[in-house]
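Each chain, letter by letter, is given below.
There are 2 protein chains.
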Amino acid sequence: MIRKYVYGNPIPTPAVVQNIEAEEDSVQYLTELEMNGKIILNYSMENDDIVYGLGEANRGLNKRGGLYRSFCSDEPNQTEDKQSLYGAHNFIVITGMISVGFFVDCASEVTFDIGYTSSNILNITPGCGDFTIYVIEGRSAYDIVKQFRKLIGRSYIAPKWAFGYQQSRWSYANEDEVREVVKKHRQNGVPLDAVYLDIDYMDGYKDFTVSEERFPAFPEFVKEMREQGIHLVPIIDAGVKIEDGYPIYEEGRQYQLFCKRADGSDFVAGVWPGKTHFPDFMNSNARMWFGSKYKTFIDIGIEGFWNDMNEPAMFFTPEGVAEAKQYLDNFDFNTNEPWKFFELKDKLTGLSNRMKDYESFFHNMDGRIVRHDSVHNLYGANMTRAAGEAFEQIAPDKRFLLFSRSSYIGSHRWGGVWTGDNQSWWSHLLLNIKMMPSLNMCGFLYTGADLGGFGCNCTRDLLMRWLGFGIFTPLMRNHAALGTRKQECYSFGDTEDFRSIISIRYSLIPYLYSEYMKACLNDDMMFKPLSFVYPSDNFARTVEDQLVVGESIMIAPIYEQNAVGRYVYLPEDMLLVVFKSSSVRRYQIMKKGMHYIQAAVNEVPLFVLKNKLLPLCRTAQSTDALDTSMFEIIAFTDDNIEYMMYEDDGISKNYDDPAHYVPFAIKDMDGVFGAVSPKKIVKLALF
Amino acid sequence: MIRKYVYGNPIPTPAVVQNIEAEEDSVQYLTELEMNGKIILNYSMENDDIVYGLGEANRGLNKRGGLYRSFCSDEPNQTEDKQSLYGAHNFIVITGMISVGFFVDCASEVTFDIGYTSSNILNITPGCGDFTIYVIEGRSAYDIVKQFRKLIGRSYIAPKWAFGYQQSRWSYANEDEVREVVKKHRQNGVPLDAVYLDIDYMDGYKDFTVSEERFPAFPEFVKEMREQGIHLVPIIDAGVKIEDGYPIYEEGRQYQLFCKRADGSDFVAGVWPGKTHFPDFMNSNARMWFGSKYKTFIDIGIEGFWNDMNEPAMFFTPEGVAEAKQYLDNFDFNTNEPWKFFELKDKLTGLSNRMKDYESFFHNMDGRIVRHDSVHNLYGANMTRAAGEAFEQIAPDKRFLLFSRSSYIGSHRWGGVWTGDNQSWWSHLLLNIKMMPSLNMCGFLYTGADLGGFGCNCTRDLLMRWLGFGIFTPLMRNHAALGTRKQECYSFGDTEDFRSIISIRYSLIPYLYSEYMKACLNDDMMFKPLSFVYPSDNFARTVEDQLVVGESIMIAPIYEQNAVGRYVYLPEDMLLVVFKSSSVRRYQIMKKGMHYIQAAVNEVPLFVLKNKLLPLCRTAQSTDALDTSMFEIIAFTDDNIEYMMYEDDGISKNYDDPAHYVPFAIKDMDGVFGAVSPKKIVKLALF
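For the record, the sequence lines run as chains Z and Y.
1 is the number of the first residue of the first sequence in this note's numbering; add one for each residue after it.
1 is the number of the first residue of the second sequence in this note's numbering; add one for each residue after it.
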């Protein structure tokens, strides 16, 4: 049961697809308070209530004890105190004696104080008085999530090749470096499906251009790579370089498609290209125009993109620089006062992503002029929409890989997200684990983190352990920043360990893709907290670091340095499978309860659920090369069971064809259990 | 067996007290390499080797997988990538098939690459060619630590009152605020022994002055507080304000006791008072002079001090400011180049703690002129020494509370350390846990972290859980920074939970103090990794988050938000005691092996070891009020056992009087086990 309540005159967002009549009476469950002119929606939590949600947010799977500010922010240093990350996903579910969900559809900032100021008080504070709130009642948290997911519509569906292993770095300098990356993966037998082109592939960081110097024959190069099973995935930044003669700049100016200052001039912000204008993604013409530019790349065979810097991140604005300059001109460098120097530093570091700048430009929302801060959280989302809608025009029957750094609920229908710039910290591996189900709750199914960490130097063991989790995430991309240690799989010695771990991924792809597709098509989650699958198990409610992935497996990633294993809780008997490679495994039936499982750095444990079946195919060097005519089956049952695998061509959009479902079954055949399927079963490991 | 190897002509440090003849041949166990003119001492680790040590350092108890740079640094943001914290403790023990320890006695920076660049390679790189290395062979890691501790001499011994609960904040503004803090603790029944005076108690941040405005009758106020059982503990900063007529400044100038620039002028650095000179703590006259100043406070009844800002931290120098100014004067604010703005920011943020500044001043080491960077890690240590040696002069038979932010091995003989500015992060609670045994290895026994975290806002549950660990650390101080949420125990509601948790501490003080004293007097550790106590238990080697505290108990603190308990590993059968307050407890005998123990936020679990005995006294509102004539005994045995409690007046220095040892025993008395002791046993919980 979903009820909708409208406050003031909300700016429309693309979040919701169902038409629900607004209630007339006051909002259920929440008490309205007012403070400093803002409405606070207050809820008293019980001691044992858990609060799920908030998608790409910091801290735990259970969000209690934190303060979260939905305000899309370029924040790579995700320490525990950080309140805003790259996305803004205002959906929470409180679950305990009763379960209730809230979705605050509000384009400006919203804060969630979830037992932070006072242990049992939840306060939701929208940044302005104009917003819509949806109140969702249901039998359980999971039931509420499923209702919510129907409310916001079917998630973007990635092509199957996007389930391959992907390698990125800011930046591979030129054709030869990319060739070298591919060659080294192939030489070492490390499977690979995609290489990313970070900002330096462009000519002067100009969107939809390619540096002639670095990639002199780009169309041919795209083709060459494709022949080796590699997709090149270029980055597209939000800001359009101000440069006379650059067509995108000229067109944007001419057709008034950029964000404006109060005086009507085009707003200027400094990002990678230097001074840029921001396309007004809130405007449908601007979206259509910018989206159409992706065609340049699509026409030469590019099938995937990542949209970046679209919070939008700003390094500086001329106004900010002028203020800083004036401050500096008046600064008394002879001061004896330390606070003055702290202020001086703050003035300079504060040049980036200034709130004052966000308050100084305007969008034309198809006639309605709105100041940026009131729709800040929609900006990146609408860039994703621009691309997604364009793809539907350019190639209506084809799926593209598309994901974004900034996002808002609604943009999940046009693209995925990666979790933004992170660090080579073990704590960020754990954060990655905890974010996955939260992102799924909010509709983001094609998602993952920068494996190994973007900033800072990664160690061998961290990358191994992170890959050990990453082999389960739809987006499996290794990415690292300029100036950090090389992070490709062949950079750490004993490359066979990396080959093995990634080979496991490729064996799992048919299962992972199937579970991903079913989650997409049924508005369901692929990554679930234990409590969603075992709702009557009180201990399962408290587990933050184990996840059920699809219908057949539970994972318990190891995320601590020097650990030889970890504790796990099994809500029922399960089959432990420790993979050393796609084909080398050990098995152990484990009883319901608590255990310590051992897994070396080069091993990946997973658990097959009771009465479930896990199909594995033979590994390959790329998704193109996967042979899905033959399967090995691991099953933990002594009864008839069935697994329905979803399989399609992975690129076209006829998702709903019933022919895409392939049954696998364990059946009693004259007193002996065996596996049957239209596929060839080459091996059965039955427990 | 300790061997000493001397490279070049090392600057003397106060680290070692034993006179060992230097070996003539080349260093054992290590391979000498050379890179960029620096000597690298290289060691090949086995896969299963554990590396302990480094005292106050980042990351795990097992230091493998990290890069550590010993270079005392003002670094409150202790994220995983940070290589330098406040202390420099160059002692490591490698333990596996063989065990060997290394102590690099080197006053300049030293880096330890412990499987960071390459998983099994350990590289020690002293910053210069002049250093001494001690190689220690032993039967076990613990044996090596004990040899090392004898090498570096008996640790500083704190007064017993310093085991009371202590409250701090930057800053309590004046007398009335301090009175209010004390009153609220007393009113709420929260025990308290000390209140700290952070920088604002001073007159213009001038060392050894008191603001007349804030504390108009300071000597009377010290007395008033003492009558309420409260010790006031003032901060002493390293920098001496440049102000005509300020006696300390005038004397320092007159007698040439400040650090000098190359041109012989007094080096200037901006810290809290604005421009200051740094006392030349490397010089024995300067130490004696500065140390004598503590008498001002001692004469009016002050018995404890904390030395701060002595890395030394610098906010700016005139040279740095001039450079920044010049840079700014030449900066093209019309630039279109983002990197220029990043450089601009770096220029300003880089004003603090500039390496160039550390390279620009000099010490007079009793005749030998040395540049600061070559003795950087000794500066804070020698400030501690200045105070410690002064106390011995001022009141030879009396113990003072003294701890420092910066430290080097050697300074552990004159004072303790707190682990410096940290954050209200759960990860810093865990870091606190992991640091304790490492600090003990390096001689720092009187130590602890800012409970609840210094920077950022603390939540109720974080403070509760942190106190749940803090009740075991010798220094138990709640401290928070300017601008953060109030963090006193009465600031979060339901204060009885805080009263209860701190009441447990006071019941434990006789045991904790006894174990602390025995560790000090025997050059032993109070906080031990499990592997030191159960060396033949292979799993115990891997446990990072459980510690043996003294001879009778093991602790397993809960350090995750929203956790209802945690997993523990018991290397033998143990008695779980969950304290809800000093007197309300539940008991459970637990078998060797793995368990999940539950403990609510307002409960503290501990484990009594097999055949050990834990004495508890009745709790009190301050250490003065503790009645140690009566004890309750918890014991886990069915045999005769004995516990030797160390007890003295807690303030004088006749440590070695045999009368200080009080035996407690469980004995078979006519077929019934009972407790006997010269003390009155009011209750026996025998398991």
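Because the hints were derived from the structure by calculation, they are not lab data.
Predicted model, so just to flag it, every value in this text is computed and none were measured.
Be a bit skeptical, because a hint or two may be false.
For chains that are exact copies, the list does not tell them apart, and a pair is met inside one copy or across any two.
[As the list claims (entries may be wrong)] List of simulated lysine to aspartate or glutamate pairs, DMTMM-like, C-alpha gap at most 25 Å:
hint : residue 1 : residue 2
1    : K82       : D346
2    : K683      : D299
3    : K293      : E551
4    : K398      : E23
5    : K610      : D638
6    : K580      : E46
7    : K680      : D624
8    : K610      : E250
Now the hints, each set against the structure:
1. K82 <-> D346: Classified as both; 17 Å inside a copy, 22 Å across copies.
2. K683 <-> D299: The answer is neither: 43 Å in one copy and 85 Å across copies each exceed 25 Å.
3. K293 <-> E551: neither (40 Å within a copy, 72 Å between copies)
4. K398 <-> E23: neither (40 Å within a copy, 75 Å between copies)
5. K610 <-> D638: Close inside one copy (9 Å), not across copies (44 Å); limit 25 Å.
6. K580 <-> E46: Only across copies: K580 and E46 sit 21 Å apart there, 44 Å inside one copy, limit 25 Å.
7. K680 <-> D624: Within one copy, since 19 Å is at most 25 Å while 80 Å is not.
8. K610 <-> E250: Neither: 61 Å inside a chain and 80 Å across chains, both beyond 25 Å.
The structure does not agree with the numbered hints 2, 3, 4 and 8 stated previously, though it agrees with the rest.
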